[in-house]
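Q: These are the residues of each chain, in order.
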Amino acid sequence: MEPINVVTGVAVPLERSAVDTDQIIPAEFLKRVTKTGFEDALFFRWRQDSEFVLNREPYNALGPTDSPILVAGPDFGTGSSREHAVWALRDYGFRAVLSHRFGDIFRGNAGKQGLLAAQLSEVDIETIWLIIDAEPGVAASVDLTTKTVTVGKSVFPFEIDDYTRWRLLEGLDDIGLTLRDEPAITAFEARREAWRPTTLPAR
Amino acid sequence: MTTPRTLAEKVWAAHLVAKGEDGKPDLIYIDLHLVHEVTSPQAFDGLRKEGRPVRRPDLTIATEDHNTPTLAIDKPIADLTSRLQIQTLRDNAAEFGIRLHSLGDIEQGIVHVVGPQLGLTQPGITVVCGDSHTSTHGAFGAMALGIGTSEVEHVLATQTLPLAPFKTMAVTVEGELRPGVTAKDIILAVIAQIGANGGQGYVLEYRGSAIRALSMEGRMTICNMSIEAGARAGMVAPDQITYDYLQGRAHAPRGTDWDDALAYWNTLASDDDAAFDAEVFLDANTLEPFVTWGTNPGQGVSLSDRVPSPTSFADPNDRAGAERALEYMDLDAGTRMKDIRVDAVFMGSCTNSRIEDLRAFASIIKGQTKAENVRVMVVPGSARVRLEAEAEGIDKIVEEFGAEWRFAGCSMCLGMNPDQLAPGERCASTSNRNFEGRQGKGGRTHLVSPLVAAATAIRGTLSSPWDLENSPMNPINKVGA
Ligand code: SF4
Chain D
1 MEPINVVTGV
11 AVPLERSAVD
21 TDQIIPAEFL
31 KRVTKTGFED
41 ALFFRWRQDS
51 EFVLNREPYN
61 ALGPTDSPIL
71 VAGPDFGTGS
81 SREHAVWALR
91 DYGFRAVLSH
101 RFGDIFRGNA
111 GKQGLLAAQL
121 SEVDIETIWL
131 IIDAEPGVAA
141 SVDLTTKTVT
151 VGKSVFPFEI
161 DDYTRWRLLE
171 GLDDIGLTLR
181 DEPAITAFEA
191 RREAWRPTTL
201 PAR
Chain G
204 MTTPRTLAEK
214 VWAAHLVAKG
224 EDGKPDLIYI
234 DLHLVHEVTS
244 PQAFDGLRKE
254 GRPVRRPDLT
264 IATEDHNTPT
274 LAIDKPIADL
284 TSRLQIQTLR
294 DNAAEFGIRL
304 HSLGDIEQGI
314 VHVVGPQLGL
324 TQPGITVVCG
334 DSHTSTHGAF
344 GAMALGIGTS
354 EVEHVLATQT
364 LPLAPFKTMA
374 VTVEGELRPG
384 VTAKDIILAV
394 IAQIGANGGQ
404 GYVLEYRGSA
414 IRALSMEGRM
424 TICNMSIEAG
434 ARAGMVAPDQ
444 ITYDYLQGRA
454 HAPRGTDWDD
464 ALAYWNTLAS
474 DDDAAFDAEV
484 FLDANTLEPF
494 VTWGTNPGQG
504 VSLSDRVPSP
514 TSFADPNDRA
524 GAERALEYMD
534 LDAGTRMKDI
544 RVDAVFMGSC
554 TNSRIEDLRA
564 FASIIKGQTK
574 AENVRVMVVP
584 GSARVRLEAE
594 AEGIDKIVEE
604 FGAEWRFAGC
614 SMCLGMNPDQ
624 LAPGERCAST
634 SNRNFEGRQG
644 KGGRTHLVSP
654 LVAAATAIRG
664 TLSSPWDLEN
674 SPMNPINKVG
684 A
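So the sequences go chain by chain: D and G. Numbering of the first sequence is given in the numbering used here, commencing with residue 1 and proceeding in unit increments. Numbering of the second sequence is given in the numbering used here, commencing with residue 204 and proceeding in unit increments.
Note that these hints are calculated values from the structure, not bench results. There may be inaccurate statements among the hints.
Part of the chain D face toward chain G, derived, beta carbon under 10 Å [to be verified]:
#1 Thr21
#2 Phe102
#3 Leu169
#4 Glu189
Keep in mind it's a predicted model, so treat the numbers as computed, not measured. Glycine included, each C-beta is placed from N, C-alpha and C at the ideal position.
Please model the complete structure; the sequences and the hints are all you need to start from.
A: Given below as structure tokens:
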């Protein structure tokens with residue numbers, strides 16, 4: 001995983017609340033067995049609508065190198081556990097998502113895939129939307145070291161849990177980290193009760 | 204003296220491999236890992252790339268459910284991407300030595316039906332699956348968590364997960380349900396009360412006399428939908444009903460193991476003076492059949508109620524959400540819920556596809572004919588449930604009613620297989636999600652109980668058994684009433 005320090009890109013307003021993962025990526029795209037190439041699936045249903053934000057100027061011209069930053073309403077990423085939601089956002093180019101609240105599983109998935117999920121107050125999100133409305137295409141940056149978002153000239157604080165922040169800053173892989181605790185896992189297994197269920201042998 | 208603890212805290216403590224320090228999360232041991240075809244291919248791929256084995260194939264089990272067809276299961280799967288995904292699971296299971304129940308096998312079915320049916324889901328264990336409705340297994344007093352694909356890979360490799368701490372919420376449901384009111388109505392009412400995100404960060408513990416009176420199937424229905432309140436998990440303390448359900452199942456402990464297990468299980472219930480971070484109460488006595496009108500599971504009302512007006516919501520987000528939902532659902536505020544016509548009824552999903560759910564549905568439709576122009580699909584949760592139902596003649600009742608009797612799988616719950624709504628079609632569904640397009644592009648979903656699904660299939664409009672002239676559940680037909 002690439003370490004993240006500061007994400008700089010165009011702020012994209014998604015002025016909707018409770019955007020569930022079925023909306024981020026509908027189920028028909030979950031049949032793939034690859035982990036990349038989901039950019040076309042992102043917000044697939046809504047993208048059929050020419051008024052949808054990603055179809056409007058100046059956002060329709062964004063490419064992955066513009067590192068767009070999504071500014072979403074509260075309860076972003078609720079619902080299904082599909083990590084594909086994070087992959088689709090990432091493949092499209094998003095490096096950070098700002099919201100007042102995230103679905104728990106989505107937030108966990110994001111942290112593992114290097115997508116920065118920054119939690120801001122509801123007022124700050126609305127203020128950012130106003131700034132974007134006044135100046136569409138405005139550049140923003142999300143600074144993980146100072147835990148601040150800058151949009152135009154305004155600066156807002158955000159929350160992220162310390163552990164995820166540390167892992168993102170260091171670009172650390174979770175499994176590698178856990179395997180450092182391997183002796184503790186083996187010790188735990190040695191004291192596990194004999195009656196606990198096993199799937200093998202099949203009975 | 205030890206500090207009083209909740210059920211969730213006890214299970215957590217018993218699985219602590221390493222305490223997280225300096226903001227690191229706790230490392231928790233996983234007793235049971237359920238795997239299906241959709242969220243696992245990329246996880247196995249990750250293992251392969253790193254040259255890592257599956258640490259505990261004996262604590263892992265896989266089944267095919269999300270993509271599987273519910274007709275002609277002996278033919279190759281027509282949809283090539285579905286076929287590839289299922290073939291990928293078969294290859295991965297063979298390569299990594301994981302037990303797999305494939306299409307055609309008696310234990311094949313929805314992953315959350317399979318675990319309990321095999322007796323693998325037990326009190327006090329930790330269960331994970333790359334599926335948000337893993338919360339179902341909490342009905343046994345297990346800590347059951349839905350996880351993402353990276354976490355699936357993590358559990359395959361290490362049999363543990365680093366997990367952030369949780370808060371606890373007691374959801375107390377007291378009283379006695381009236382005939383015709385079910386576990387599904389309880390959970391829809393709870394979600395409407397606390398909101399589709401009201402449970403965020405919490406493990407919910409369902410308690411109170413109405414919960415204690417429920418069967419395991421009913422408790423599973425409730426825990427299943429905990430995720431629809433945004434919760435991390437849902438749990439019910441184990442009791443005699445749990446033990447009776449488990450005893451004798453293939454993987455339940457036996458002999459002295461059973462005695463040891465039972466002694467432990469009896470220590471799991473929350474201590475009397477344990478403190479919860481939040482509490483919610485619901486009166487079961489006054490509860491009515493419940494149904495959703497919107498596009499998230501928190502947007503529900505009693506069936507006897509009307510479609511609410513967006514202006515009735517104080518919170519601007521809720522108001523905007525309601526406006527959008529009514530537009531998508533093509534409903535006008537003020538319409539009586541019972542006047543809403545449906546095109547389809549879906550009886551199935553991990554919320555309501557166990558034998559008891561099918562029996563409830565069959566008890567209402569028996570000897571009746573479905574409403575014209577309503578398509579009714581009944582999909583058992585597993586091949587075993589299907590056979591059990593057939594042994595009881597439920598398939599005949601379903602077919603004589605004019606409904607379709609299908610093979611097991613997720614089916615129209617999410618429409619990854621051909622079972623989908625057409626754009627604009629309206630469905631009364633016993634599943635758990637009424638999101639836009641969930642059951643097919645442009646499809647409209649009303650979440651209901653199996654009893655409401657059955658009555659709706661008879662009348663063609665959203666209905667409960669209370670609306671059926673001949674139903675013993677109709678209060679006016681009650682003997683002596
Ligand atoms: S039945 Fe529906 S909710 Fe349950 S596991 Fe399958 S797709 Fe998910």
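Q: So, as I understand it, the hint says Leu169 of chain D touches chain G; can you test that by seeing if any CB pair is closer than 10 Å?
A: With Cβ-Cβ at 13 Å, over 10 Å, it is violated.
Q: Does Phe102 of chain D hold up as a contact with chain G if the rule is Cβ-Cβ below 10 Å?
A: With Cβ-Cβ at 9 Å, under 10 Å, it holds.
Q: Identify whether the interface hint at Thr21 of chain D stands, where standing means a beta carbon of chain G within less than 10 Å of its own.
A: For Thr21 of chain D, the interface hint holds, since the closest Cβ of chain G sits about 9 Å away, which is under 10 Å.
Q: If you take the shortest Cβ to Cβ gap from Glu189 of chain D to chain G, is it below 10 Å?
A: The hint holds - Glu189 of chain D has a Cβ within 10 Å of chain G, the shortest such distance being about 8 Å.
Of the hints listed earlier, the one the structure fails to meet is number 3.
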